[in-house]
Amino acid sequence: MAKATFEVPELSQYPEVPALVSETMAHSAPFVSRTEFQEPLGFPGELVEDWQAKALDKMGELLGKYRGLRVYLDSCVKCGSCTDKCHYYLGTKDPKNMPVGRQDLMRKVYRRYFTLAGRFFPKLVGAADFTKEVLDEWYSYYHQCSQCRRCSVFCPYGIDTAEISMAAREIMDSIGVGQKYCNEIISKVYKIGNNLGLPGPALMDTLEGLEEDVYDETGVRVRYPIDQVGAEILLVTPSADFFAEPHVDGLIGYGKVLHEAGVSWTLSSHASEAANFGMFIGSYENMRRVAQRIREAAIQLKVKRIVFGECGHAWRVAYSFLNTLAGPWDFLDPRYPVPQHICEFTYDLIQKGKLTFDKGENDDKVLTYHDSCNVARASRMGDTPGGQFEIPRAIIKAVCNHYYDMDEETIRDRTFCCGGGGGLLTDDLMELRVKGAKPRVEALNNVMQEKGVTHMAAICAICKSQFTKVLPYYGMEMDQIVSLHQLVSNAIVLTPGPEDEEADEEPDDKDDEAEGDED
Amino acid sequence: MSFLTGVFALLFYFATLVLVVGLTLKVVQYARTPAPLKIPTTPAPTTQSGVVFRMAREVVLFESLFRGNKWTWIFGWVFHFGLFLVTLRHLRYFLDPVPLPIQFIQPFGIYAGFAMVAGLAGLWARRFLVDRVRYISAPSDHLILALLILIGCSGLLTTFVVHTDVVAVKTFFLGLMTFNVQPLPADPLLLMHLLLVAGLMIIFPYSKLLHAPGLFFSPSRNQVDNPRERRHIAPWAKQLEQQ
Chain A
1 MAKATFEVPE LSQYPEVPAL VSETMAHSAP FVSRTEFQEP LGFPGELVED WQAKALDKMG
61 ELLGKYRGLR VYLDSCVKCG SCTDKCHYYL GTKDPKNMPV GRQDLMRKVY RRYFTLAGRF
121 FPKLVGAADF TKEVLDEWYS YYHQCSQCRR CSVFCPYGID TAEISMAARE IMDSIGVGQK
181 YCNEIISKVY KIGNNLGLPG PALMDTLEGL EEDVYDETGV RVRYPIDQVG AEILLVTPSA
241 DFFAEPHVDG LIGYGKVLHE AGVSWTLSSH ASEAANFGMF IGSYENMRRV AQRIREAAIQ
301 LKVKRIVFGE CGHAWRVAYS FLNTLAGPWD FLDPRYPVPQ HICEFTYDLI QKGKLTFDKG
361 ENDDKVLTYH DSCNVARASR MGDTPGGQFE IPRAIIKAVC NHYYDMDEET IRDRTFCCGG
421 GGGLLTDDLM ELRVKGAKPR VEALNNVMQE KGVTHMAAIC AICKSQFTKV LPYYGMEMDQ
481 IVSLHQLVSN AIVLTPGPED EEADEEPDDK DDEAEGDED
Chain B
1 MSFLTGVFAL LFYFATLVLV VGLTLKVVQY ARTPAPLKIP TTPAPTTQSG VVFRMAREVV
61 LFESLFRGNK WTWIFGWVFH FGLFLVTLRH LRYFLDPVPL PIQFIQPFGI YAGFAMVAGL
121 AGLWARRFLV DRVRYISAPS DHLILALLIL IGCSGLLTTF VVHTDVVAVK TFFLGLMTFN
181 VQPLPADPLL LMHLLLVAGL MIIFPYSKLL HAPGLFFSPS RNQVDNPRER RHIAPWAKQL
241 EQQ
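Residue numbers (this note's numbering), protein chains in the order written: chain A, 1 to 519; chain B, 1 to 243.
Note that these hints are calculated values from the structure, not bench results.
Watch out, some of these pointers could steer you wrong.
[Unchecked claim] Covered, in the sense of this in silico footprint (three residues per stretch, anywhere, with C-beta under 8 Å from a C-beta of chain B), are these stretches of chain A: (1) 80-88; (2) 123-132; (3) 278-292.
Glycine is no exception: its CB is placed at the ideal position from the N, C-alpha and C atoms.
Produce the complete structure using the sequences and hints provided.
Put into structure tokens, the structure is as follows:
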């Protein structure tokens, strides 16, 4: 059981909206970035001289570049609809963690310098000078937003606090006040190719190990190829999938599904990271630079399709932004969407009856499913709106006998963030992460009590890491969080290949591959 | 022309100018600012007509607010729908002859006046009673509610308690529209009503009342969910590609 230096919230049976308590999280702030992590991203190494003027210039620039930011800062009427929707507010009671409270930290500066009313009557409209205190407040509270978009669902104007948090972080980066966690990670992507800084040889080692493990366990040679030129599919997956638990069990699952599909595929050491932390810091340029690596890998490996592994914010960037940032994808096979989610891929095969499952293999578990925030509210799967909710559930139900949803108020587009998204998955924000997880853990706890649920599946590397770390604070087990493709992996019945002992025939020629999962 | 009539005539010309020019500038600004990324809050419609339908539900029914908070929704919707009917009813001061539909809604417009004030009262009460809403309320949030309630009450009073010469009021406004200023009745209640309305028109483009045009430009609501099918790119982002 993890030891906490702060008070872990108590779980209740019914969702409660706490009375606000000011400044409970004013002390929370992540480590500040250093020159070595700032400069590769094109940001100054430390707080610049004349920071206020430069920050305001940047803000003006962003207001001209992002219509959303301008409209969102103008439009809020303070109706209060969002005030009880943020998991960080529900877990910390700090009013600056209410979405509108967080937005107002920027809105007061916007009004002061960019609106007539704020210039002449600052007190009247709640405008304020951009002082060092305000900057510190920004640094603290704009790093208490996981950009999960739950607030935007309930706002009558769709105001998305994520957009404002991103802009705030971009402004702070531009004056040399960056967050170490995000910026160090992006530097690693530029230097090595992935968030965790795993070099190519280490990846190859790991993948070889996986092949051996799977062979030992199943007697079937499932390949986990990397940098294979000419493969049909480029699989881009969060680097946590290469070694973290339960992520790696998901990767094993993707490999098994791809094996059964009979399609050639490869990972890439150049684009060995699905996540794109450029989004977290609101930097279009950095997001684009990270995304370009995927394009480069696709060209270099001469693949026909791109499939993404389980990762929430990554899927947002992939689904919603990749075409914008790194497209057009006219050199890929036009019969498939670019990119595809591994769940879409697996679901397709299930629909076509290409996969065989022994559901009993998962009978030791009673499952529920956590809709990852950015998959739920910032992307889609399949052809119809809401496919991002139905497809993962359909897969789980195809591979497990026991499944129950959590309370309707806490799933699908009303899902709660795990508490670690948006660049907050760092140990220096542990208190925030534990408290922010409360609404989700509460719903999980209730379905555990009422339905006997034992495990929660997720399709996001951040969710998986976050729950692994945070569940013990609430007296639960870290392995109660599982990868969705881990469940697939458990249940899938593998077809032995020609190199496997008991195998004597295996359709492995090109035609069958293409037929394997045509649309 | 009396001094009073002159002052109010100038006031309304000024207020109309500020409203129209201010709002136009704002709308042009919104329309010209690119939305560089696809950020509809999903699940989102995958077609343009789907987006029109989504937007219509937001504008007419306040769908998202309904999901967010039932009390705010009921008060907010009653206020806005009341205001809508009251505004339609007031068209009779600007149109001659009065079109049939406007004649028809006259009685409803009166009830709508009460509904509007009741809705506003509910919204204002929440600013005092709900701690979270109290926390986020700036003085201007209270003042705008006060302004609207005073407009509503003074209007209702001129209808039910201290009758005003509506024919003369109509002559005044029709005169303004043809730049032929006619005398305005000097009823204090009417003058207050008109003064506050002019005030509302003037603050509109410089306050949170911008939520009205804002909604239509909100990328999280007005974008089609089709990023994989169609490449979406802003002009400034396109420039990065040419570097």
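Against the structure, the hints:
1. 80-88: holds (count 6)
2. 123-132: holds (count 4)
3. 278-292: Our answer is that it holds, as 3 residues pass the Cβ test (under 8 Å) against chain B, meeting three.
When the structure is compared with the earlier hints, no violation turns up for any of them.
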